[in-house]
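Q: Place chains X and V on chain L using the hints.
Chains as they are written, first to last, in the numbering used here: chain L, 1 to 313; chain X, 1001 to 1298; chain V, 2001 to 2257.
Note that these hints are calculated values from the structure, not bench results.
Remember, it's a predicted structure, so these values are computed and weren't measured experimentally.
Note that the Cβ used here is the ideal one computed from N, Cα and C, for glycine as well.
Errors might be hidden in some of the hints.
Taking lysine to any residue and the SDA-like style, the derived pairs with C-alpha atoms no more than 25 Å apart in a straight line are [stated by the list, open to error]:
(1) Lys2074(V) x Glu10(L)
(2) Lys176(L) x Glu2145(V)
(3) Lys117(L) x Pro1089(X)
(4) Lys2008(V) x Glu2145(V)
(5) Lys117(L) x Lys302(L)
(6) Lys2125(V) x Glu10(L)
(7) Lys2017(V) x Leu2148(V)
(8) Lys1097(X) x Leu1164(X)
(9) Lys9(L) x Lys2008(V)
(10) Lys2142(V) x Ser2119(V)
(11) Lys242(L) x Ser1099(X)
(12) Lys2027(V) x Phe2013(V)
(13) Lys1186(X) x Ile1007(X)
(14) Lys1097(X) x Lys2142(V)
(15) Lys2074(V) x Lys302(L)
(16) Lys302(L) x Leu2148(V)
Residues on chain L that point at chain V, a partial pick, calculated with CB under 10 Å [claimed, not checked]:
(17) Arg8
(18) Glu10
(19) Ser14
(20) Leu15
(21) Ile79
(22) Ser82
(23) Ile85
(24) Ser88
(25) Ile178
(26) Tyr183
(27) Ser199
(28) Gly201
(29) Val294
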Amino acid sequence: MKLLLELRKEIVFSLLLYMLLKMIFINNLFSDYVEQVILYTIIIVLGSLGLNIIYGYTGQFSLGHAAFYGLGAYFSAFITKSFSIESSLMFIIVVFSGGFFSAFVAYLIGIPILKFKDDFLAIATLGFGILIRNILDNSDRFLETLGGSRGFVGIASLSDLETVFFVSIFLILMSKNIIQSRYGIFWMSIRDDETASSSVGINVSDMKLLAFVYGCFLAGVAGALYAHLYTFLHPSNFDFLKSVDFLVIVIVGGMGNISGTVVAGVFWILIIEGLRIMLPAHILEYRWVIIPIVLIIIMILKPYGLMVRKRAL
Amino acid sequence: METLGYILQQFINGIQLGSVYALIALGYTMVYGVLRMINFAHGDVFMLGAFFGYYLITRMSLPIYLVFLLAMAGTALVAFIIEKLAYSPLRKKNAPKISLLITAVGVSLFIEYFFSLNALFTPNYIAFPRPFEVEPYDLNLFVITNVHILIFITTLISLSLLYLLIYRTRQGKAMRAVALDAEMAKLVGVDTEKIISLTFMLGGALAGLGGILYAIAYPQINVFMGIMPGIKSFIAAVLGGIGIIHGAVLGGFIIGISEVFVSAFLSSTLRDGFIFLILFVFLIVRPNGIFGKRIEKV
Amino acid sequence: MSILEVKKLSKSFGGIKAVWDLSFNVKKGEILSIIGPNGAGKTTIFNLITGFYRADTGKIIFSGQDITHLNTEKRINLGMARTFQNLRLFRSMSVFENVLTAALVKHKYGFVSGLLRTSGFYSKKKEAEERARYLINFMGLKEKESYLATSLPYGDQRKLEIARALATEPKLLLVDEPCAGMNHSEINQIMETFFRIQETFKTTMIIIEHHMELVMKVSERIIVVDFGEKIMEGRPEEVKNDKRVIEAYLGEDYGVQ
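The shape of chain L in the complex, shown without the other chains (with noise of 0.2 Å):
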């Protein structure tokens, strides 16, 4: 198909990276400690990846992104449960399943959230996120095996280097192609300008609701494995703070930029981690005062972004 073969160089950088990966794996140059923060990686690349479509491309500012990587995880992990999912195939279907669950929420939300700006949609994502966060916590009063507060234990840890990296690179890639095609250069269009937008006969809430199902989507799939990776849920793990975490990757990597978000991601990723290794217990409490800082910093010196696009695509 012609698409692979634009994607070819894509496929081949993909292909050598899970080549590597994998040798690395086998071999257990690391400890599985460390294998499972590269698989982490991946996957919070992938959740920001979502957040950038929404928040970077289209200029929707969600603040309870988490919530959708977290309905991810906690709907695919009762289904690996409750059907003792074991097979690769089950696993990433019930995967993508969690990604629609997601989405399907964001349909359901965002049909009357999305018409609001900034400031206030601000505001009702992180209410919804946090209304989530309150379910989650109860969930063991509707769905024992949720486990409320207490978490979720017990779930198969089907999250392995291959499933992980290629629905991730696939995505990736899917996310890749939206964005160079109309649908992106409406997505951007709505950023810079609504009104114009609709001047050119753009259904600008159905782009925008667009979006964000999509960029929930990915959330969802994240959160599925990351809750096969890791095989214990807890709702403190899908709070404000993770929302903020995406919304971190994105604004560093550069909003309207996947290259970007990759790297900034897995910047991240290896800051958050390299610290908690190598210093001490106490000094790691001044993450969340170093974090806010930096993000005031940037904002006052580049009030529009890192690695802000300039141009073509």
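A: Leaving out everything else, chains X and V in the frame of chain L:
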């Protein structure tokens, strides 16, 4: 169970909570009125009010009104500093609204986590020492305490003073002018920078007062205590019509009373979720709030 | 044959009547101008026609269809296009991308096609890109195609907005103050462009403009509005000498012939 007395009791409790929310909501609404921005860090100023109160009460023995005034001065100062250091530089650069919002999020997180450091307040809950004994007055149907009364009266006084300031003074007029049309206000000679600072300080002072009152009512403080009340108060401000002063007050009471009622009659765990339900419903049905104008499509 | 019929259109904001009891028809293929003092409600008329404002009373009929209750997107897709008085280009995009965005509205393919790049994707993409290039060339912006849209000189930005508006193949084009901020030679170019558009695409045009020379030369008919009401309608020669028009612009003292 659901006797009249019980209901009235919850109503009294709701007004108490609503008073605090109203005080905080005023800060959100005033800042939004002059700057069209949501001061995300406002809830943390509320928290600092409670902590300032804590230190004033435990380290010095001052009459209670002095504790209030000093804490309010402290939070007013904090609000002023936040505006000058974090928001003003962005405004001067005509930065997009989003970066202002992100900065506000940053400020909020910074305040919370900075004060949660073990060297400072720590992330733990700290018992708040009430500067007086709680005295209940049994009115047969329900019980009203001196805490309730203190909060009602203090809030009433503050609201009255605020109204006087906004509607009877030149500064207040200037604030209203800036809220209506900042450019025009500048042209007629209003020092908008001063007005903005004044607005932040007023909002900060009220939030600080709210913090102490809240701590007196629910005597446990914690560096993260501003998050939920902050969001709920913001929702209250939106409910009443963002930017509209009496809207914030009404919204505050509505949210406070709703929260107490939901907690008492439904379930306390559903408390927070319910407030968001109200928000979503309102955003759909009447996004401009109770006192807000109907929206015009651009 | 009227392509647009505006019937008793009214719009008020608060207590202020922006447009009041306005009625006029636009003949297919003609160039019609709307003139009037500042604040007369001209842009409001455009906003009402294109759906950015909803009329309080009245009807709008476009190509025989009642569009009064349709939203902007639907009206544009029926064949309208507009430019903006204060320019609304897509700031982060190049000249080419601005026009391409509009071209892609008509050249559709589905989301899945976009994801997987089916043949529909490639053919529509090519068509849209060709149309964009053609229009950029048509407006004389070819050399600047890959420049950031907002880096263009002002006159070129206005031309770009027109190119973008034409990308949706409109039957009716509404141009809001195309000459604002332009110099003499640019204005002549714009005049030429309007004639070329009329000739090449057979597009009907409604132009809001203050620059009388252009209005007189380009328009087949002129509508004059003041305080939201139509005070006169006619051919350029008729309008030029009309007492009411002169009064509206220059005040009562000049009303005497």
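Q: Hints first: check each against the structure and report whether it holds.
A: Hints versus structure:
Using a Cα cut-off of 25 Å, the hinted pair Lys2074(V) and Glu10(L) is violated, with the two alpha carbons roughly 39 Å apart. The straight-line distance between the Cα atoms of Lys176(L) and Glu2145(V) is roughly 24 Å, inside the 25 Å bound, and the hint therefore holds. With a C-alpha separation of about 23 Å, the suggested pair Lys117(L) and Pro1089(X) falls inside the 25 Å cut-off, and the hint holds. Among the hinted pairs, Lys2008(V) with Glu2145(V) is inconsistent with the structure: their alpha-carbon atoms are about 43 Å apart, more than 25 Å.
A C-alpha spacing of about 22 Å is found between Lys117(L) and Lys302(L), which places the hinted pair at or below 25 Å, so the restraint holds. For the given pair, Lys2125(V) sits about 21 Å from Glu10(L) by alpha-carbon distance, which is consistent with the 25 Å threshold. For the hint linking Lys2017(V) to Leu2148(V), the alpha-carbon distance of about 39 Å lies beyond 25 Å, and the restraint is violated. A C-alpha spacing of about 32 Å is found between Lys1097(X) and Leu1164(X), which places the hinted pair above 25 Å, so the restraint is violated.
Under the criterion of a C-alpha separation no larger than 25 Å, the hint pairing Lys9(L) with Lys2008(V) is inconsistent with the structure, at around 61 Å. Only pairs whose Cα atoms come within 25 Å are accepted, and Lys2142(V) paired with Ser2119(V) is rejected, the gap being roughly 28 Å. Under the criterion of a C-alpha separation no larger than 25 Å, the hint pairing Lys242(L) with Ser1099(X) is consistent with the structure, at around 19 Å. Between the alpha carbons of Lys2027(V) and Phe2013(V) the distance comes to roughly 30 Å, so the proposed pair goes past 25 Å and is violated.
At most 25 Å may separate the alpha-carbon atoms for a hinted pair to count; Lys1186(X) and Ile1007(X) exceed this at roughly 50 Å. A distance of roughly 35 Å separates the Cα atoms of Lys1097(X) and Lys2142(V); the hinted pair therefore is violated under the 25 Å criterion. The suggested pairing of Lys2074(V) with Lys302(L) is violated, with an alpha-carbon distance near 38 Å, which exceeds 25 Å. Among the hinted pairs, Lys302(L) with Leu2148(V) is consistent with the structure: their alpha-carbon atoms are about 19 Å apart, no more than 25 Å.
A least Cβ separation of about 13 Å between Arg8(L) and chain V goes past the 10 Å threshold, and the interface hint is therefore violated. A distance limit of 10 Å between C-beta atoms decides the matter here; for Glu10(L) the minimum to chain V is near 13 Å, and the interface restraint is violated. For the restraint placing Ser14(L) at the interface with chain V, the shortest Cβ-Cβ distance is roughly 17 Å, beyond the 10 Å limit, so the hint is violated. Interface restraint check for Leu15(L): the shortest CB-CB distance to chain V comes to about 20 Å, outside 10 Å, so the restraint is violated.
Annotation: interface hint on Ile79(L) violated; nearest CB of chain V at approximately 24 Å, more than 10 Å. Because the beta carbon of Ser82(L) sits about 30 Å from the nearest beta carbon in chain V, more than 10 Å, this interface hint is broken. For Ile85(L), the interface hint is violated, the least distance from its beta-carbon to any beta-carbon of chain V being 26 Å, above 10 Å. Taking 10 Å as the C-beta cut-off, the interface hint given for Ser88(L) is violated, the closest approach to chain V being about 23 Å.
Here the hint on Ile178(L) is kept, as its CB sits about 5 Å from the closest CB of chain V, short of 10 Å. Residue-level restraint check for Tyr183(L) holds (minimum Cβ-Cβ distance to chain V is 5 Å; threshold 10 Å). Because the smallest distance between the Cβ of Ser199(L) and any Cβ of chain V comes to about 6 Å, under 10 Å, the interface hint for this residue holds. At its closest, the beta carbon of Gly201(L) sits 4 Å from a beta carbon of chain V; the interface hint therefore holds under the 10 Å criterion.
At about 25 Å, the closest approach between the beta carbon of Val294(L) and any beta carbon in chain V exceeds 10 Å, and the interface hint on this residue is violated.
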